[in-house]
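As given, the protein sequences belong to chains A and B, one line each in that order.
Quick note: the first sequence uses this note's numbering, first residue 1, plus one each step.
Quick note: the second sequence uses this note's numbering, first residue 1, plus one each step.
Everything labelled a hint here was simulated from the structure, so no lab data went into it.
Heads up, some of the hints might be wrong.
Claimed, not checked - With the Cβ distance kept under 8 angstroms, some of the chain A side facing chain B (calculated, not the full set):
#, residue
1, 186
2, 187
3, 188
4, 201
5, 516
6, 519
7, 632
8, 633
9, 638
10, 640
11, 642
Glycine is no exception: its CB is placed at the ideal position from the N, C-alpha and C atoms.
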Amino acid sequence: MTAISLGTPGMPGGPEVTSTTVTVTVDGHEVEVPVGATILEAAQKANRRIPTLCHHPDLPDVGVCRICVVEVAGQRALQASCAYPITTPIEIRTYSRRVRQARQTIVDLMLAEHCGSCQTCGRNGNCELQDLAEEYGSDHFRFGQRTEPTRLFDLVGPAIRRDMNKCVHCLRCIRTCASLQGVGALGVIGRGDSTTMSPYLTLPISEVGCISCGQCINRCPTGALQEVDDTDAVWHAIEDPTKHVVIQTAPAPRAAMGEEFGMPPGTPVTWQLNSALREIGFDKVFDTNFSADLTIIEEGTELLVRLYDNLVRGDHSTPVPMFTSCSPGWITFIEHQYPQLLPHLSTCKSPQQMFGALIKTWYAERAGVDPADVVSVSLMPCTAKKFEAQRPEMNASGFQDVDVSLTTRELARMIRETGIHLSEMPDSDFDDPFGTASGSGVIFGATGGVMEAALRTVIELVTPRKVEDLFAHADITAVRGFEETRYAEFTFPEDIGPVPGLLRDLVPSWDWLGGVTLKLAVVHGTANARRVLDDVLAGGRFSECHFIEFMACPGGCLGGGGQPIPTSLEIRRARAQAIYGEDARYGETGRVRKSHENPAVLRLYSEFLTEGPNGDTSHHLLHTSYTPRGTWIAATPESGRSAR
Amino acid sequence: MSVPADVLATHGDLVAAIDELVARYGDDRAALIPILQELRQQRRQISDVAMQVVADRLGIPPVDVQGVVTFYHFLDTRPTGTHVLHLCRTISCAMAGMGAIRERLENELGIAFGETTPDGLFTLEWANCIGMCDTPPAMLHNRQALPRVTPDAASELVARLLQEAFAVADGAGADGEGADGVGGDGAAAWPDGVGRPGG
Numbered sequence: 001m002t003a004i005s006l007g008t009p010g011m012p013g014g015p016e017v018t019s020t021t022v023t024v025t026v027d028g029h030e031v032e033v034p035v036g037a038t039i040l041e042a043a044q045k046a047n048r049r050i051p052t053l054c055h056h057p058d059l060p061d062v063g064v065c066r067i068c069v070v071e072v073a074g075q076r077a078l079q080a081s082c083a084y085p086i087t088t089p090i091e092i093r094t095y096s097r098r099v100r101q102a103r104q105t106i107v108d109l110m111l112a113e114h115c116g117s118c119q120t121c122g123r124n125g126n127c128e129l130q131d132l133a134e135e136y137g138s139d140h141f142r143f144g145q146r147t148e149p150t151r152l153f154d155l156v157g158p159a160i161r162r163d164m165n166k167c168v169h170c171l172r173c174i175r176t177c178a179s180l181q182g183v184g185a186l187g188v189i190g191r192g193d194s195t196t197m198s199p200y201l202t203l204p205i206s207e208v209g210c211i212s213c214g215q216c217i218n219r220c221p222t223g224a225l226q227e228v229d230d231t232d233a234v235w236h237a238i239e240d241p242t243k244h245v246v247i248q249t250a251p252a253p254r255a256a257m258g259e260e261f262g263m264p265p266g267t268p269v270t271w272q273l274n275s276a277l278r279e280i281g282f283d284k285v286f287d288t289n290f291s292a293d294l295t296i297i298e299e300g301t302e303l304l305v306r307l308y309d310n311l312v313r314g315d316h317s318t319p320v321p322m323f324t325s326c327s328p329g330w331i332t333f334i335e336h337q338y339p340q341l342l343p344h345l346s347t348c349k350s351p352q353q354m355f356g357a358l359i360k361t362w363y364a365e366r367a368g369v370d371p372a373d374v375v376s377v378s379l380m381p382c383t384a385k386k387f388e389a390q391r392p393e394m395n396a397s398g399f400q401d402v403d404v405s406l407t408t409r410e411l412a413r414m415i416r417e418t419g420i421h422l423s424e425m426p427d428s429d430f431d432d433p434f435g436t437a438s439g440s441g442v443i444f445g446a447t448g449g450v451m452e453a454a455l456r457t458v459i460e461l462v463t464p465r466k467v468e469d470l471f472a473h474a475d476i477t478a479v480r481g482f483e484e485t486r487y488a489e490f491t492f493p494e495d496i497g498p499v500p501g502l503l504r505d506l507v508p509s510w511d512w513l514g515g516v517t518l519k520l521a522v523v524h525g526t527a528n529a530r531r532v533l534d535d536v537l538a539g540g541r542f543s544e545c546h547f548i549e550f551m552a553c554p555g556g557c558l559g560g561g562g563q564p565i566p567t568s569l570e571i572r573r574a575r576a577q578a579i580y581g582e583d584a585r586y587g588e589t590g591r592v593r594k595s596h597e598n599p600a601v602l603r604l605y606s607e608f609l610t611e612g613p614n615g616d617t618s619h620h621l622l623h624t625s626y627t628p629r630g631t632w633i634a635a636t637p638e639s640g641r642s643a644r
Numbered sequence: 001m002s003v004p005a006d007v008l009a010t011h012g013d014l015v016a017a018i019d020e021l022v023a024r025y026g027d028d029r030a031a032l033i034p035i036l037q038e039l040r041q042q043r044r045q046i047s048d049v050a051m052q053v054v055a056d057r058l059g060i061p062p063v064d065v066q067g068v069v070t071f072y073h074f075l076d077t078r079p080t081g082t083h084v085l086h087l088c089r090t091i092s093c094a095m096a097g098m099g100a101i102r103e104r105l106e107n108e109l110g111i112a113f114g115e116t117t118p119d120g121l122f123t124l125e126w127a128n129c130i131g132m133c134d135t136p137p138a139m140l141h142n143r144q145a146l147p148r149v150t151p152d153a154a155s156e157l158v159a160r161l162l163q164e165a166f167a168v169a170d171g172a173g174a175d176g177e178g179a180d181g182v183g184g185d186g187a188a189a190w191p192d193g194v195g196r197p198g199g
């Protein structure tokens, strides 16, 4: 494509737009890119790497850090390649002396502002500023160095810690919080050299409506944002002989942990991880998917009862659409931003908290250990789970149900400290009495997974058919994928089966479901959740849904704020493949793939939760209630902050 | 409507003022700066409650409002005096005698630049070029530009404003006869018996 002309079409005398691509010469190599592509994208196409810092593939570009500057022939100033849309044929030079010197200066200027030593930083070895300093040969602090911290440390909240001395003002956290997550807990405060990335009135971030999703941590190029490190508490428990230390592992960390040990994204390490955890000293290793299966039974039942109430009995006290409740970041989001919609939330606890309540009750009793001596740890992809574990209402067992929630990154640090080679560990299974869960539990880790798992179970509870008769291999692909929101419909066949015994007290018959079309939606990322909730409030298409799955993080749990850094759509896709692959292998190896077939779950209902799903014991241990929080911030005495 | 009832009860007039501005300028993000400018003019402060109510009405996070307030020199979260004197310190004004005016103002009022007199009457602030390089040294009294200021003219301005404030506080009825007609009315609340600043 060579004929390029630009202008307003139809303008008198103006040239016609004849092309949608444009030729760019990158260091002498010609490449063709769509009009509007950035120089950075053109360079990538020319297989030329331009260093970036403020650019992130998940975020809108702002071009503030300037590290990606290049020379554009005919232009006096260097241009930020991430924020330069190409509209005419241009010639660029990506590594001329002028460019390299500019980048060196930019790196050295950033180092002058960056206070904190690499050796004592949680991001040592995985820091984009460190990489740039190496790449541009910074060998001394040309513009000086801050040796004393001058900015605030925020160590207040349960999930996220901020050290603004390490901040390089790339604005990634702010763009993540505002654009990707639609929360707006962080902003740019001040001007010039007093500029800081800060919550409202420099309050601790935990006090300004932050949902603890941790997406900002995953996108911070330095150690300015990190998770609260709880590994010490776990080591202490392991080293205490009087403590019975158990860990539950969620599916998403197992699909990503390998990345911390140099494996490519999408390498599942579930079974080696079990062995490594026992080697570290955990007394029992449980599969969170057990309680994911339990969630499906409880939540699927709740959905059917809600549908019966709303569609048959005309009782709208628990309204539809019902919203899922397994993502603690999403829960905090709706509590703050849409408290008026809380009745739509399923009352089911998240799998982490269901498991926590069972470990210190049913398990402790069976295992003959005093629940006071049980230290219940969870491996989660999630920083919001730390907040969730510390919610005051999460003590159904009489104790804090989950004592410590570790992120993927924290557990990776623990494993590294032991010198264990994860990839060389033998495979081993999860411990009884919870055993290995179903494939439906595994897919909880991906956006759409809860919906698919719930459908598999609801279909078989309601109809005499097998899911496989309706969907090849029981893969309900309509709800899979990474689109911002997915809408799907499922029509029940006319032949409806009898109500299973355990549910007969709740719903007398399924007849009313024959031929009924369920309207379903799947949403991930709280900015998308905001759009859907606004639509629900406005009476739009989503208000007609019966069931909507919400996950706080892009991609679902596999893109969680506690997962290995970096993150991108490609990495999240690879992790999703690992998760769906594990589910498929369950089928190939004869393990169950549907929550209601999980033998350990069935045993739990026959031995312990004998009133059945949504029964009294279930309600006490496995269900919860929510707190309307609103967006008002009690920041000063004037706005309602009580004196300390 | 996420403003708690007790805050609404104690700050009803502020909320009403903001709602009036929102009705005038709109409830989208583009209305933010005009609303803040007007609020600052009316109430001499953009408080925590004001920022949160504005954020709520425009549907944006409070931190975004604070970001704008702290970015612009002429907006501020701190309360200012009834009379804000912005002295230009850029090169034309500096060369034309800005320093002497600075000294006079600081001596007259007993405060440094960036400070407000304890009686809440005067605030001294720097400005970086107010576009009056042809008539230096220049100063702003609230929104009114004052060209070719001399130290004596600065003293006279302060004396006149003080006189007006005393007159209003004593109930002598000289209401709002300020030469510039801007911001004089706020002094009505100035109490008796407060020591005259700088004197």
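Consistency of the hints with the structure:
{"no.": "1", "hint": "186", "result": "holds (7 angstroms)"}
{"no.": "2", "hint": "187", "result": "holds (3 angstroms)"}
{"no.": "3", "hint": "188", "result": "holds (5 angstroms)"}
{"no.": "4", "hint": "201", "result": "holds (7 angstroms)"}
{"no.": "5", "hint": "516", "result": "violated (37 angstroms)"}
{"no.": "6", "hint": "519", "result": "violated (28 angstroms)"}
{"no.": "7", "hint": "632", "result": "holds (5 angstroms)"}
{"no.": "8", "hint": "633", "result": "holds (6 angstroms)"}
{"no.": "9", "hint": "638", "result": "holds (5 angstroms)"}
{"no.": "10", "hint": "640", "result": "holds (6 angstroms)"}
{"no.": "11", "hint": "642", "result": "violated (12 angstroms)"}
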